[in-house]
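Novice: The residues making up each chain are set out below.
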Amino acid sequence: DAKTTQPPSMDCAEGRAANLPCNHSTISGNEYVYWYRQIHSQGPQYIIHGLKNNETNEMASLIITEDRKSSTLILPHATLRDTAVYYCIVREETSGSRLTFGEGTQLTVNP
Amino acid sequence: NAGVTQTPKFRILKIGQSMTLQCTQDMNHNYMYWYRQDPGMGLKLIYYSVGAGITDKGEVPNGYNVSRSTTEDFPLRLELAAPSQTSVYFCASITTLVGGGHSPLHFGNGTRLTVT
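Chains as they are written, first to last, in the numbering used here: chain G, 1 to 111; chain E, 1 to 116.
Simulated from the structure, these hints should not be mistaken for laboratory data.
Heads up, the beta-carbon is just placed ideally off N, CA and C, and yes, glycines get one too.
Some hints could be false.
Short derived list, chain G residues pointing at chain E, Cβ under 8 Å [claimed, not checked]:
#1 12
#2 40
#3 41
#4 43
#5 49
#6 53
#7 98
#8 99
#9 100
#10 101
#11 102
#12 104
Simulated pairs of lysine to any residue, SDA-like, Cα-Cα distance not exceeding 25 Å [stated by the list, open to error]:
#13 E:44 x G:41
#14 E:9 x G:39
#15 E:44 x G:108
#16 E:9 x E:77
#17 E:57 x G:32
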């Protein structure tokens, strides 16, 4: 799996958009980008994933650069409950075997 | 449909004791994973399995053993507990989707283990 790099921490004001970056410069053509978040040491929760097109669901939007070497997770209207550690991982869909996480980004949403 | 179930939720072990952390999933997922998470840190892969009878080492396998005799169960064994194994342990699973690709990871709620 490709290595990912994320900032260790970010702050965001409640009601504003939170933009969380992820660098995956060694990503290969068939590797998907997945985002998870973890609240208070609970099991991580799936948010969204994509291959090369931008994706949107009820939780967030995922913007992947044209060269696929980086991506941004966007929480359009952050709430206090979005305070969590956010993990970006890349995984080859055809293998699905060894899956490793980085250290993630601690997002703190402030009132 | 319970998803991924881990037992016990909490456990305190003395140094040198042994125990098995249980993980079972009722989604017929073929891939299963064990992670550990130390306080304030990210998840580290211990072992994983791509199907019944097949297991492989992850990033931090030392001090642990696994088995996968059925699709549903993926127990993690600690033979000689050490304080360095104090951590939260998460089990997770994914499945192959019809038409190709895999589902996102489904995680259990974790087992909090303290070794003193």
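Novice: Compare the distance between the alpha carbons of residue 57 of chain E and residue 32 of chain G with 25 Å, and conclude whether the hinted pair is satisfied.
Specialist: holds, 23 Å
Novice: Report holds or violated for the interface hint on residue 101 of chain G, using the least CB-CB distance to chain E and a cut-off of 8 Å.
Specialist: holds, 4 Å
Novice: Holds or violated: residue 44 of chain E with residue 41 of chain G, Cα cutoff 25 Å?
Specialist: Holds, at about 14 Å.
Novice: Hint check: residue 9 of chain E vs residue 77 of chain E, CA-CA at most 25 Å. Holds or violated?
Specialist: holds, 15 Å
Novice: Could you grab the alpha-carbon distance between residue 9 of chain E and residue 39 of chain G and see if it respects the 25 Å cut-off?
Specialist: holds, 17 Å
Novice: Verify the interface restraint on residue 99 of chain G: the C-beta must sit less than 8 Å from at least one C-beta of chain E.
Specialist: The hint holds - residue 99 of chain G has a Cβ within 8 Å of chain E, the shortest such distance being about 6 Å.
Novice: Using 8 Å as the Cβ threshold, decide whether residue 40 of chain G counts as touching chain E.
Specialist: violated, 11 Å
Novice: Less than 8 Å between beta-carbons is the criterion; does residue 102 of chain G satisfy it with respect to chain E?
Specialist: holds, 6 Å
Novice: Once the shortest beta carbon distance from residue 43 of chain G to chain E is found, is it less than 8 Å?
Specialist: Holds - the Cβ of residue 43 of chain G comes within 8 Å of chain E, reaching about 3 Å at its closest.
Novice: Hint check: is the beta carbon of residue 98 of chain G less than 8 Å from a beta carbon of chain E?
Specialist: holds, 6 Å
Novice: Does the closest beta carbon of chain E sit nearer than 8 Å to the beta carbon of residue 104 of chain G?
Specialist: At about 6 Å, which falls below the 8 Å cut-off, the nearest Cβ of chain E leaves the hint on residue 104 of chain G intact, so it holds.
Novice: Mind checking the alpha carbons of residue 44 of chain E and residue 108 of chain G for me, to see if they're no more than 25 Å apart?
Specialist: holds, 23 Å
Checked against the numbered hints above, the structure breaks hints 1, 2, 6 and satisfies the rest.
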